[in-house]
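J.: So the sequence lines, in the order shown, correspond to chains A and C.
First residue of the first sequence: 69, per our numbering; consecutive thereafter.
First residue of the second sequence: 66, per our numbering; consecutive thereafter.
Read the hints as simulated data drawn from the structure, not as lab findings.
Ideal placement from N, C-alpha and C gives every residue a C-beta, glycine not left out.
Mixed in with the good hints there might be a few duds.
Label-pair restraints from in silico Cβ distances [to be verified]:
id	chain 1	residue 1	chain 2	residue 2	range
1	C	90	A	179	46 to 52 Å
2	A	179	C	123	31 to 37 Å
3	C	276	A	131	55 to 61 Å
4	A	104	C	299	20 to 26 Å
Listed below are the simulated DSSO-like cross-link pairs for lysine-lysine, each with C-alpha atoms no more than 30 Å apart in a straight line [stated by the list, open to error]:
id	chain 1	residue 1	chain 2	residue 2
5	A	118	A	134
6	A	173	C	198
7	A	182	C	173
8	A	256	C	81
9	C	137	A	260
10	A	182	C	198
11	A	182	C	256
12	A	256	C	227
13	A	256	C	279
According to the in silico footprint, chain C covers these stretches of chain A (three or more CB under 8 Å from chain C) [said to hold, decoys possible]:
id	stretch
14	69 to 75
15	130 to 141
16	147 to 154
17	234 to 247
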Amino acid sequence: MIGIVDYEAGNLRSVETAMRYLGADFFISGEPEKLLTADRMIFPGVGEAKASMNVLNKTGLGTAVKDFVKTGKPVLGICLGCQIFFDHSEERDTKCLGVIPGEIKEFSSDLGLKVPHMGWNQVEHRGRHQIFNEIPENSSFYFVHSFYPMPENLEYEIGRTEYGIEFSSAACRENVAATQFHPEKSGKIGLKLLENFINWEI
Amino acid sequence: MLQKRIIICLDVRDGKTTKGIKFKGNVDIGDPVEMAAEYYNQGVDELVFYDITASSEKRGIMLDVVERVAEKIFIPFCVGGGIANASDMRAVILAGAEKVSVNSQAVKNPDIISEGAGIFGRQCIVLGMDAAKDKSMPSGYRVVINGGRTETELDALEWALKAESLGAGEIVLNSIDADGTQDGYELTITKMISEAVGIPVVASGGAGKSEHLKDVLTKGKADAALVASMVHFGGYTVNGIKEYLNNEDIPVRLT
C-alpha cells in the first residue's frame, strides 16, 4: 500500500489519477500515524518551499516523513517534494528535511533563461537506478520549476538535465529517490517511471 | 536541452469540440475526451481547452469534460474560457487541469492574475491575449477582447509585461490577423513579446503547415506553438509535424 502525503502543497489529483491508472493500491493522507502504516511513500508537491516546510513542521508531517525514511521502505519525492528532501533551499532561505545532503539553488538570471524552466527536457541517466528501468537514455520528462537540486556528492545523482547549466534532475540516497520533473505529467515514459517505483526493490 | 512544445487547442461548446468555420459558424467536430486521448497517443506535449459555452448554467459540462480528460491523459493541460475569479480557477484545477488561462476577464480585472498566482502558483496562470495590428499603438499591436470584436486601450507589448509582473507564468499570444488564415503565425509581435518577457510565450493563430511552426519557433522566438485546424482536419499529425521539426534541427520531444 502506497501512502501519498497530503500537506496542502498543490494538487494531488494528477498523482492520484496516475496511480489509479497503474492499478496501484494507494491512499492519500495528511495524518502522520496513517502514513506510517504504508509500505511505500510518495511525497509530491507544487508550491513554495518555506510555506510547505511551515506546514510540515506545524502538522508533524515532516517528522513522520523522516521517520518513514528511517524504516528503509521506498520513498519517491516529486518536484517540491524532491527539493524538500535536501538540506536547504535558497527559496526564502528555507531549512528542509535533510534526507539527501545538498542544496536547492535558484536559476541565475545571468543565464538569460526563461524561468520557470517549463516544458519537456531530457534526462541523462547517471548510474542505472531501478526507477529508470526500460526507460531509454535521454527520454524527455515534464518540468516546471525555478529552483534546482544540487546534491553535495554526485554519488546521489541518478539523472542529469541541462538548462543553461547542468543540474541533478533525479537523485537518490538509499531508499529515497527524488525527481525534479513530474513523472505523473510525463506521458507514457513518466507512467513507466512510477510503475518502476511501485516495483522498486531495495 | 529544453524542447519546443507543440500544443493542440480544442474549443469546447456544450461538451463537444467545435471549430469556427468562416461563413458557417461553429461546427461540432468530435468528443473532446476522445480527441485528447488520440492526440496524447500521437505525442502532443500539452493541450488547451477553451470553453466557449455561452451560458453559465452549462459550465458543469466543461468540468465533467476536464475530469474525464484528466483520467485519460498524463501530460499537462490548460483550461480557459469564462474564468472570472479564483473560485472558477479552483474548480478547473481540482478537476485535474494543470493550468488556467485568463483573457478578456484579465483585461477587465488584472488583479485576477496576481490573485491566481498567489493561490495556485504562477506556473498555473496563463495569460491568453489576442493582439491585432494597429499602427497607432506604441508596439504596433493592440489588445482586443471578445474574440477580436472589442478593442481595448491596451498596447500588446505593455500588457504582456504588465501580466508578467502581476504573476502570469506563461503567455499564449494569438494574432487576430493571422487567426484562421492558415498563412502562418504573426512573427513580428511574437518575437517582440517573447524577447521582452522572461516567461514562456506560446504562439497562436495562423498555422497551416509545418513550415509555419518552424518559422515561429526560430524567427518568432516562441517557446511553443499552438495548432488546431491543421491537426483537427488539415491532414497533419503531431508525429508528422515533430518529425519535420526534428529534421530541421528544432529540439522537440519524439515519442
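J.: Is the gap between the beta carbons of residue 276(C) and residue 131(A) within 55 to 61 Å?
T.: With Cβ atoms ~57 Å apart, the hint holds.
J.: For the pair we were handed, residue 118(A) and residue 134(A), check the Cα-Cα distance against 30 Å.
T.: holds, 17 Å
J.: Mind checking the hinted window 31 to 37 Å against the Cβ distance between residue 179(A) and residue 123(C)?
T.: violated, 46 Å
J.: Go ahead and decide if the range 20 to 26 Å is satisfied by the Cβ distance of residue 104(A) to residue 299(C).
T.: violated, 55 Å
J.: For the pair supplied as a hint, residue 256(A) and residue 279(C), confirm whether the alpha-carbon distance does not exceed 30 Å.
T.: holds, 26 Å
J.: Given the hint that residue 256(A) pairs with residue 81(C), does the C-alpha gap stay at or below 30 Å?
T.: Given pair residue 256(A), residue 81(C) holds - Cα atoms ~26 Å apart, limit 30 Å.
J.: Closer than 8 Å, Cβ to Cβ, for at least three residues: run that test on the stretch 147 to 154 of chain A against chain C and report holds or violated.
T.: violated (count 0)
J.: Holds or violated: 46 to 52 Å for the Cβ distance of residue 90(C) and residue 179(A)?
T.: holds, 48 Å
J.: Count the residues of the stretch 130 to 141 of chain A with a beta-carbon closer than 8 Å to any beta-carbon of chain C: does the count reach three?
T.: violated (count 0)
J.: For the stretch 234 to 247 of chain A, count the residues whose Cβ lies under 8 Å from any Cβ of chain C; is that count three or more?
T.: With 0 residues closer than 8 Å to chain C, the stretch 234 to 247 of chain A misses the three-residue bar; violated.
J.: Would you check chain C against the stretch 69 to 75 of chain A, counting CB to CB pairs closer than 8 Å, and say if three or more residues qualify?
T.: It is violated: at least three residues are needed, and the stretch 69 to 75 of chain A offers just 0 whose Cβ sits closer than 8 Å to chain C.
J.: Below or equal to 30 Å on CA atoms is what counts here, so check residue 173(A) against residue 198(C).
T.: With a Cα-Cα distance of about 41 Å, the restraint between residue 173(A) and residue 198(C) is violated, given a limit of 30 Å.
Violation of the numbered hints given earlier is confined to hints 2, 4, 6, 12, 14, 15, 16 and 17; the remaining hints are satisfied by the structure.
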